[in-house]
Amino acid sequence: MMETLLIYAVIPLIKIAVVVLAVLLAVAYLTWLERKLLGRIQVRLGPMRVGWHGLLQPIAVGLKFVIKEDIIPARADRLVFSLAPMVSFIPALVVFSVIPFGPPDMLSGLLRWVLPLFLDPASVNRVIESGVTTGGYVANVNIAILLVFSVSSVGILGIILGGWASNSKYPLLGALRSSAQMVSYEVSLGFTILSVLLVAQTLSLVDIVQKQQAAGVWYVFVQPVAFVLFFICGLAETNRLPFDLPEAESELVGGYHTEYSGFRFAIYFLAEYAGMITISSIAVTLFWGGWLRPFPNVAWLGFLDLVPSVVWFMAKVFVFLYIFIWVRGTLPRFRFDQLMQYGWKIFLPLAIANLVVTAAVMLKFS
Amino acid sequence: MIGFLRRILLIDIFKGLALTLRYTYSKVYTEQYPREKVKLAERYRGAPRLNNDPETGETLCISCDLCAEACPEDLIVVSSVRDPESRKKVLTEYTFDTSRCLFCGLCQEVCPTNAIELTQDFELATYDRKSMLWNRARLEKGWDRIEGHKVYHK
Amino acid sequence: MDEPTILDAQELEINMGPQHPATHGVLRVKLKLDGERVLDADCVIGYLHRGVEKISENRTYTKCLPYYDRTDYIAAVSNALGYVLGVEKLMEIEVPERAVTVRIMMTEFNRIASHLLWLATHALDIGALTVFLYCFREREEILKLFENLFGARLTTHAFRIGGLWMDLPPGFEEAARKFIDEFPARVDEYEQLLTNNRIWIDRTKGIGVISGEEAIDYGLSGPPLRGSGVPYDLRRSRPYGGYDQYEFDVPVGLNGDTYDRYLIRMEEMRQSRRIIQQTLDRLPGGPIRGKVPRIIKPPVGEYYSGIEGPRGELGYYIVSDGSAFPFRVRIRPPTFINLQALKRLVKGHLVADVIAIIGTLDVVLGEIDR
Amino acid sequence: MSEENKPPGAAPEDQPEQKKSGAPAAPAGGGEAKAAQPKPPAAKKPPAKKLPSYEELTDDPLLKDLRGRFPNGIVSGQSFLGQPIYTTALELLGDVMLYLRGSEWAFDYLVDLTCLDYLGDPKRLCMVYHLYSHKSGRLIRIKARAAADEMVPSMSTIWRTADWLEREAFDMYGVEFSGHPDLRRILLPEDWVGYPLRKDYDIKLQDQAWIRKHLRIRKVPE
Chain D
1 MMETLLIYAV IPLIKIAVVV LAVLLAVAYL TWLERKLLGR IQVRLGPMRV GWHGLLQPIA
61 VGLKFVIKED IIPARADRLV FSLAPMVSFI PALVVFSVIP FGPPDMLSGL LRWVLPLFLD
121 PASVNRVIES GVTTGGYVAN VNIAILLVFS VSSVGILGII LGGWASNSKY PLLGALRSSA
181 QMVSYEVSLG FTILSVLLVA QTLSLVDIVQ KQQAAGVWYV FVQPVAFVLF FICGLAETNR
241 LPFDLPEAES ELVGGYHTEY SGFRFAIYFL AEYAGMITIS SIAVTLFWGG WLRPFPNVAW
301 LGFLDLVPSV VWFMAKVFVF LYIFIWVRGT LPRFRFDQLM QYGWKIFLPL AIANLVVTAA
361 VMLKFS
Chain Y
1 MIGFLRRILL IDIFKGLALT LRYTYSKVYT EQYPREKVKL AERYRGAPRL NNDPETGETL
61 CISCDLCAEA CPEDLIVVSS VRDPESRKKV LTEYTFDTSR CLFCGLCQEV CPTNAIELTQ
121 DFELATYDRK SMLWNRARLE KGWDRIEGHK VYHK
Chain B
1 MDEPTILDAQ ELEINMGPQH PATHGVLRVK LKLDGERVLD ADCVIGYLHR GVEKISENRT
61 YTKCLPYYDR TDYIAAVSNA LGYVLGVEKL MEIEVPERAV TVRIMMTEFN RIASHLLWLA
121 THALDIGALT VFLYCFRERE EILKLFENLF GARLTTHAFR IGGLWMDLPP GFEEAARKFI
181 DEFPARVDEY EQLLTNNRIW IDRTKGIGVI SGEEAIDYGL SGPPLRGSGV PYDLRRSRPY
241 GGYDQYEFDV PVGLNGDTYD RYLIRMEEMR QSRRIIQQTL DRLPGGPIRG KVPRIIKPPV
301 GEYYSGIEGP RGELGYYIVS DGSAFPFRVR IRPPTFINLQ ALKRLVKGHL VADVIAIIGT
361 LDVVLGEIDR
Chain F
1 MSEENKPPGA APEDQPEQKK SGAPAAPAGG GEAKAAQPKP PAAKKPPAKK LPSYEELTDD
61 PLLKDLRGRF PNGIVSGQSF LGQPIYTTAL ELLGDVMLYL RGSEWAFDYL VDLTCLDYLG
121 DPKRLCMVYH LYSHKSGRLI RIKARAAADE MVPSMSTIWR TADWLEREAF DMYGVEFSGH
181 PDLRRILLPE DWVGYPLRKD YDIKLQDQAW IRKHLRIRKV PE
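Chains as they are written, first to last, in this note's numbering: chain D, 1 to 366; chain Y, 1 to 154; chain B, 1 to 370; chain F, 1 to 222.
Next up, chain D with everything else stripped away, as it sits in the complex (with noise of 0.2 Å):
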């Protein structure tokens, strides 16, 4: 009783918190990133004043949100306009319930160190080699990946609503750009993950990881093409400069979230921001071999598993994480039916015949 409680509820919640603590904390940390980098990208040097080079900033930022007024438009609808930024938010956060950030056995050797202080030591062999507990992820589902795609394509729900619901022009701009956006790279995106599908023929993520590792190599190499259409379709799902379309501050004015103010805001911010995280953690999954050290089979490199799965796993989301402030840093504003013309017209034929070269390539040599 006691091994099943702990199995499927306890080390399961334990695990969810943590997680969602760390994302919140990471997001967090991520705007304080991203106001330095852009800072220091622009020769200047982003906070300074809250706490050591501004390293307080976030949580002030945070205090400040939930301290100012949450105005809602008078003749907006007040349900839809309260809850489109949970709607926005959550999937964000379910997403990562099934991001492997380690390998299966990455908390056996915690486990075997804390669990001893309650149970006997069968019950903690039970519990261990459940298969459920050690993993460095929350679950390990077969449908990972169409769980991902399924409920990240909700977030941008949150965003249609809320700025139909605000009952205001630019909002209502906004929600329908991004709506457009979402139907045009949302395709995209899907043919390219199809193509690493067919490679590692698993749905789960920890198994493709797994395979990666089998394979000896990471799947960027076997599909690069597939990994640049995923990272600019991933720019475009994050909303993120150069897709930032359905925000846009200069064209209108802040886009779906104009009428959005104090903590209503800030979740939309912080759904913006876990999306961020999430695309980093999905391309690393799929593309940059997960929690894999780099060359994962080149044995005299092994020194290089001395640092933690999970150090890994982080070190390549910071990167890509990187690259996202780096790129909006630099690059203009696409437009509107500009960005859908290269959806359509450019980014779907490419992941199309990704897929189809890919699926004969492998067709030929199974």
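Keep in mind the hints are simulated off the structure, nothing from the lab. Please read all numbers here as calculations on a predicted model, not as lab measurements. Hints are supplied without guarantee of correctness; some may be wrong.
[To be verified] Subject to a maximum C-alpha distance of 25 Å in a straight line, what follows is the list of computed DSS-like cross-link-like pairs (lysine-lysine):
no. : chain 1 : residue 1 : chain 2 : residue 2
1   : Y       : 39        : B       : 144
2   : Y       : 39        : Y       : 27
3   : Y       : 27        : B       : 144
4   : B       : 178       : B       : 144
5   : D       : 345       : B       : 205
6   : B       : 30        : D       : 169
7   : D       : 169       : B       : 32
8   : B       : 144       : Y       : 37
9   : B       : 54        : F       : 204
10  : D       : 36        : Y       : 27
11  : Y       : 130       : D       : 36
12  : B       : 205       : B       : 347
13  : F       : 123       : B       : 54
14  : D       : 36        : Y       : 37
[Stated by the list, open to error] Quick look at which bits of chain B chain D covers, simulated, 3 or more residues with Cβ under 8 Å:
no. : region
15  : 10-24
16  : 193-200
In this text, a Cβ means the ideal position worked out from N, Cα and C, and glycines have one as well.
Let chain D serve as the given structure and place chains Y, B and F on it in line with the hints.
This is chains Y, B and F only, laid out in the frame that chain D set:
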């Protein structure tokens, strides 16, 4: 063909990225203003001051009214009485309405004795309009030495 | 309804401004949209109207000057130049050679500063955040020069009738030389970020196209006119204030689109640098202020003094009735007239292009509303 | 401060006084003002320096052409500091302008359009147009006098530039333009009363009723 390749391989976008990367790790241009004092030019036209003779401590103003004449906004009022003995004008009061000042410097330009001068103090924010009307005492003291005025840089 | 909407839906009418991040002040554009396509645009201006022309009629000729800093506050030095040249003509005042040279140098510095601000905001509107701050860095250097020479950064009150307020401060020439030595590399950097960037080209090429004839019909001047291929630059066409002695090129565009206007302004910055180089090389000594009567009372008469401001033809039509107050000072505002073409330029484009087109016209609301 | 407040108020009153003293305030003359040819103020002239003055255009091909074509239209042709000024009768202003734009003179660029107010004159408003030809590089000034209630032909069909410029002239001087497509105030609010750049509109004057209504300032300082 080269153009096409440039376009496909996003060469120009990577050039831009290289530039921003280079700047990321170069020297920053920021001046941390409230923490550091800003270096202002000697000619900077900021808060007005009515100068005294450094030796005698008497005002340099000879009440000639030229500054009031020169001011486009008519914000200077010079009041004086004529000393019956020396037949000289003696300054009694001098008001300067900083709320309407253009900081054009025409007053200091016409001043024959360098009495009125626009100094390098620029932190002129106050909490009420009344305190933007400066009287003689205030003008002679100089803005940065007035009590209650917060100087933001240390 | 001018044109039927595509899906036979209702038109959307939105207010862009007066509080909008990309209208460069308090411009309000009433846009009629079909989806995101602009059917019609109507500008509402005047939010910043201070009646500078009326103020001028109630100030002496000398006292008018600080107010012109506040019309086009980005190009305060050019504004001052236009006015003092006009009054000097009316008064027949000889300006010493040194003052003339310094005036040209500072006006060209101002042109660079103004174009930098334009590029900064234009790029920011189109989403290139970083160019904004790079431009501001260089502009800051110019403003420091202004501060050293004029005593103020923005509302410079730069020139006086008959010459200058004060001579160049010590170290000024070296600082100016240092700036112009470094500047070309900086312009190259902006171009590296934008000129060949696919997104930038997509966003600006073919946007807001206006032919040369039409541009003349709309009375455009400055870069918007030259972008359409009309080589009209007052420094060349009707030289004033000693510009005929300097070598520089007047860049003109081919297509009259936003991209051409962008290229022209970039080239103008380089040309301005060239002029500054020449002024520094020949800077003569001598007095900085001519013989100016104590009270400026031009004879009865009138003079139109047009100069090439950074935004186009900036004219001062000064009418004197022989008294110490101008009878009338009419400011011919370049952006007021350029803005008129906005309605024509945005028709049929998308909302995002409206931003680019407002940016390319380089409007300054302080001048439009005066 | 009190003393310096005087000049602004005094300036508009200066105007009629100027006229009495003989110095022509309206040098370029309107309809009947042709007799009042501008005389240089000889009395005030300093001996050494020759002050600029209005000069009659004598050998000007444009003036000859215009005189030939519009015998009743051209009131005078002068120049001041080398800038030619042609004064036309208001009735023929539209025709003259159309000719200037369309003929081989090709004044295709309307540089500026503005108005002057000579208070006290029966034809108090003086329209001033600056024209430039991109072809020949000539800059000319056209003037036409109008009474306050007279309609001035709109130039907006000849140069598009004139659209807003005429709206501004209407806004500031109350000039009514006949044939203007959209004549409403441009800088001031639409329901403002009064024309601020007219000489009888004091600098401190404002539309009190408007301010009370829209800005809700109960006590407006006079």
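query: Given the hint that residue 27 (chain Y) pairs with residue 144 (chain B), does the C-alpha gap stay at or below 25 Å?
result: 19 Å, holds
- prompt: CA of residue 36 (chain D) to CA of residue 27 (chain Y), is that 25 Å or under?
  reply: 14 Å, holds
message: What's the verdict on residue 144 (chain B) and residue 37 (chain Y), does the C-alpha distance respect the 25 Å limit or exceed it?
response: Holds, at roughly 15 Å.
message: Run the distance test for residue 205 (chain B) versus residue 347 (chain B): straight-line Cα separation, threshold 25 Å.
response: Between residue 205 (chain B) and residue 347 (chain B) the Cα gap is close to 16 Å, so the pair holds against 25 Å.
- prompt: Is the Cα-Cα distance between residue 39 (chain Y) and residue 144 (chain B) 25 Å or less?
  reply: Given pair residue 39 (chain Y), residue 144 (chain B) holds - Cα atoms ~10 Å apart, limit 25 Å.
query: Is it true that the CA of residue 39 (chain Y) sits at most 25 Å from the CA of residue 27 (chain Y)?
result: 19 Å, holds
message: Holds or violated: residue 123 (chain F) and residue 54 (chain B), Cα atoms, limit 25 Å.
response: 21 Å, holds
message: If you count the residues of the region 10-24 of chain B with a beta-carbon closer than 8 Å to a beta-carbon of chain D, do you get 3 or more?
response: n = 5 at 8 Å, threshold three: holds.
- request: Sort out whether residue 32 (chain B) lies within 25 Å of residue 169 (chain D), counting only the CA atoms.
  value: Cα-Cα ~12 Å, so holds.
query: Taking only the CA atoms, is the gap from residue 130 (chain Y) to residue 36 (chain D) under or equal to 25 Å?
result: 41 Å, violated
- request: Count residues of the region 193-200 of chain B with a Cβ under 8 Å from any Cβ of chain D, then say if the count reaches three.
  value: holds (count 5)
query: Do the alpha carbons of residue 36 (chain D) and residue 37 (chain Y) lie within 25 Å of each other, as the hint requires?
result: Holds: residue 36 (chain D) and residue 37 (chain Y) sit about 23 Å apart, inside 25 Å.
In summary, the one numbered hint that this structure violates is 11.
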